[in-house]
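S.K.: Listed here are the chains, written in short residue letters.
Number of protein chains: 2
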Amino acid sequence: MPAALSDAAFLRACRRERAAYTPVWFMRQAGRSLPEYLTARGDTAMLQACLRTDLVVELTMQPVRRYGVDAAILFSDIVLPLHAAGLELDIVSGVGPVVASPVRTSADVDRIPSLSPEQVAPVTDAVRALVAELGATPLIGFAGAPFTLASYLIEGGPSRDHARTKALMYGDEATWHALAGRLAEVASTYLRLQVEAGASAVQLFDSWAGALSAEDYARYVLPHSARVLGSVPADVPKIHFGVGTGELLELMGEAGADVVGVDWRVPLDEAARRVGPGRALQGNLDPAVVFAPWPVVAERVRDVLRRGKAAEGHVFNLGHGVFPDTDPDVLARVVDVVHEESRG
Amino acid sequence: MPAALSDAAFLRACRRERAAYTPVWFMRQAGRSLPEYLTARGDTAMLQACLRTDLVVELTMQPVRRYGVDAAILFSDIVLPLHAAGLELDIVSGVGPVVASPVRTSADVDRIPSLSPEQVAPVTDAVRALVAELGATPLIGFAGAPFTLASYLIEGGPSRDHARTKALMYGDEATWHALAGRLAEVASTYLRLQVEAGASAVQLFDSWAGALSAEDYARYVLPHSARVLGSVPADVPKIHFGVGTGELLELMGEAGADVVGVDWRVPLDEAARRVGPGRALQGNLDPAVVFAPWPVVAERVRDVLRRGKAAEGHVFNLGHGVFPDTDPDVLARVVDVVHEESRG
Numbered sequence: 001m002p003a004a005l006s007d008a009a010f011l012r013a014c015r016r017e018r019a020a021y022t023p024v025w026f027m028r029q030a031g032r033s034l035p036e037y038l039t040a041r042g043d044t045a046m047l048q049a050c051l052r053t054d055l056v057v058e059l060t061m062q063p064v065r066r067y068g069v070d071a072a073i074l075f076s077d078i079v080l081p082l083h084a085a086g087l088e089l090d091i092v093s094g095v096g097p098v099v100a101s102p103v104r105t106s107a108d109v110d111r112i113p114s115l116s117p118e119q120v121a122p123v124t125d126a127v128r129a130l131v132a133e134l135g136a137t138p139l140i141g142f143a144g145a146p147f148t149l150a151s152y153l154i155e156g157g158p159s160r161d162h163a164r165t166k167a168l169m170y171g172d173e174a175t176w177h178a179l180a181g182r183l184a185e186v187a188s189t190y191l192r193l194q195v196e197a198g199a200s201a202v203q204l205f206d207s208w209a210g211a212l213s214a215e216d217y218a219r220y221v222l223p224h225s226a227r228v229l230g231s232v233p234a235d236v237p238k239i240h241f242g243v244g245t246g247e248l249l250e251l252m253g254e255a256g257a258d259v260v261g262v263d264w265r266v267p268l269d270e271a272a273r274r275v276g277p278g279r280a281l282q283g284n285l286d287p288a289v290v291f292a293p294w295p296v297v298a299e300r301v302r303d304v305l306r307r308g309k310a311a312e313g314h315v316f317n318l319g320h321g322v323f324p325d326t327d328p329d330v331l332a333r334v335v336d337v338v339h340e341e342s343r344g
Numbered sequence: 001m002p003a004a005l006s007d008a009a010f011l012r013a014c015r016r017e018r019a020a021y022t023p024v025w026f027m028r029q030a031g032r033s034l035p036e037y038l039t040a041r042g043d044t045a046m047l048q049a050c051l052r053t054d055l056v057v058e059l060t061m062q063p064v065r066r067y068g069v070d071a072a073i074l075f076s077d078i079v080l081p082l083h084a085a086g087l088e089l090d091i092v093s094g095v096g097p098v099v100a101s102p103v104r105t106s107a108d109v110d111r112i113p114s115l116s117p118e119q120v121a122p123v124t125d126a127v128r129a130l131v132a133e134l135g136a137t138p139l140i141g142f143a144g145a146p147f148t149l150a151s152y153l154i155e156g157g158p159s160r161d162h163a164r165t166k167a168l169m170y171g172d173e174a175t176w177h178a179l180a181g182r183l184a185e186v187a188s189t190y191l192r193l194q195v196e197a198g199a200s201a202v203q204l205f206d207s208w209a210g211a212l213s214a215e216d217y218a219r220y221v222l223p224h225s226a227r228v229l230g231s232v233p234a235d236v237p238k239i240h241f242g243v244g245t246g247e248l249l250e251l252m253g254e255a256g257a258d259v260v261g262v263d264w265r266v267p268l269d270e271a272a273r274r275v276g277p278g279r280a281l282q283g284n285l286d287p288a289v290v291f292a293p294w295p296v297v298a299e300r301v302r303d304v305l306r307r308g309k310a311a312e313g314h315v316f317n318l319g320h321g322v323f324p325d326t327d328p329d330v331l332a333r334v335v336d337v338v339h340e341e342s343r344g
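In the order they appear, the protein sequences are chains B and R. Counted the way our numbering counts, the first sequence spans residues 1 to 344. Counted the way our numbering counts, the second sequence spans residues 1 to 344.
Read the hints as simulated data drawn from the structure, not as lab findings. Heads up, some of the hints might be wrong.
Since the list gives no way to pick one copy over another, a pair counts as held whenever it fits inside one copy or between any two copies.
Said to hold, decoys possible - Simulated crosslink set (SDA-like; lysine to any residue; CA at most 25 angstroms straight-line):
| hint | residue 1 | residue 2 |
| --- | --- | --- |
| 1 | K309 | R219 |
| 2 | K309 | L5 |
| 3 | K309 | S213 |
| 4 | K309 | A218 |
| 5 | K309 | Y21 |
| 6 | K309 | E215 |
| 7 | K309 | S6 |
| 8 | K309 | E341 |
| 9 | K309 | G278 |
The task is simple: from the sequences and hints, build the whole structure.
M.R.: So, in structure tokens, the structure goes:
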């Protein structure tokens, strides 16, 4: 890795080293909130777009150009590797991932294919092209964590309650672990391929893990997510994120994260206490704050920065993904404030 | 109040007095999970059903007859008083409450009517009939809390993110407080009428409060919910419930609750620590657990009972409403286990 890249503020913060300023990027920074995204993607279906190297490169670069964020995140979706491996699913606009045949039995689990490198060659090609174009700006690769992927597969689509997922966990633990194990394998392979192609950090998205109590998380989920994070080389920073995970922050760190992502519900100083020493934090401006008048936004950004000082390293981000109707100019100003305020 | 009613296990537990056994009821016990409910309601629209005295009585009684729960909860909906007061809204099957004209400006707030007693006369008639029929079994009245009601009005319907609600809070605090104040007034009136008609306890549902950080909850929500709870006579137990409120449990108690409802994410012994002395707890079996094989359900029930001993009073309940596809026989067995295990 070139020295300028290795020395990037984002990677320094992930490694809990002093950085010249607090680095910032936004979950879903590449997406519908950008007019240039809508223009470039046109009517290309989501999963199709994720497998077109030129589009992945362009959509990943757009927010870097516009906002001057300190990291790029690969334009993709957590279900992409399952789709690429041959599992029948689609991303339906306005709904989310929809699975043709929900996975609920051990025979269903056996149908989940492994991922081979050539199936995601358009993605790894994009990673290589991006790393060349990004220069000293790190590229974050990512994968969906076993619990969140399993929930889509078991429920057949997005779910508020994850009731069938829990029913399988509680009712047929062997099948649950077989399924989570398969998904851990797919996620590990997908992250390994992204890192080999040049991604400098990875984020494991366990978006819905917050639906579980700490005890259930520790028993049913942590071992599988730990396997995924453990499969990534030690020198590649690993971010571990979910929504509503106030009760899980310590465990999500223990799963093998260098950086624990925090949503807006827990202030970063309190999150630092829960996560303990040896890990950095990422977060945690409420993505709805950007709809407020600018002075309110600026004050909230400063508050996140102040509280973030309690962490051994702090990567500024939203507490969840950018909302589609976010004004990109507000995000651009957020980046500026984060950089200005955090500079010595 | 007759002595046998005043001495009911449910009311004793709410008052943190020793009870012969742990009382149990289920949020949404009157509803779609019961075949007799589907038969009785037929194709009557939800809000229409809530204003038919005979149906309210029958649907409220059904779970008491079937399960032998220790409290009845009025069959109704949190948006009923707004509908009864003349606000244009509907409950759409499979969606939830849908508001004709979302409330987003101070002029919109002025359109929110007050509630007068005759508008909910069918409900208070039902309360009187129920109290007579229930005898020594307490009837719980309820209302929606200002934040949760406001979210439906501002978003125009159910929302995962409550982004517009937060945008109004953060961006136009005066309008937010005016709206929440109006809704607090409606909720106070509605609870007062139910108590005057004979309800022995009330529950304030702030289902979506868990979307907020503690700081935002304290600033934007707590004063309004406190006003509602403070308007209920001191000798009527007040339960205060929301989902995903791990960060808010202490504040939800401080808002004036005798009993703090806890979802499944925080074990009751930990919840007791957070809530502190002087309050009872209600909860908190994960409603998805009922889909597991019976030995798993029984063990989980026992675990909730064990941890509930750390509270000064414990009302057994689910951590959220009964799922529509729940097997009523499992809930009946849960009631039996709670009673058997907790007796001397």
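S.K.: Each hint: holds or not?
M.R.: Against the structure, the hints come out as follows:
1. K309 x R219: between (32 angstroms within a copy, 24 angstroms between copies)
2. K309 x L5: Close inside one copy (24 angstroms), not across copies (55 angstroms); limit 25 angstroms.
3. K309 x S213: Intra 28 angstroms, inter 19 angstroms, cutoff 25 angstroms: inter-copy only.
4. K309 x A218: between (29 angstroms within a copy, 24 angstroms between copies)
5. K309 x Y21: within (12 angstroms within a copy, 49 angstroms between copies)
6. K309 x E215: Between copies only: 19 angstroms across chains, 30 angstroms inside a chain, cut-off 25 angstroms.
7. K309 x S6: Answer is within: at 22 angstroms inside a copy they meet the 25 angstroms cutoff, but 53 angstroms across does not.
8. K309 x E341: within (12 angstroms within a copy, 49 angstroms between copies)
9. K309 x G278: within (14 angstroms within a copy, 36 angstroms between copies)
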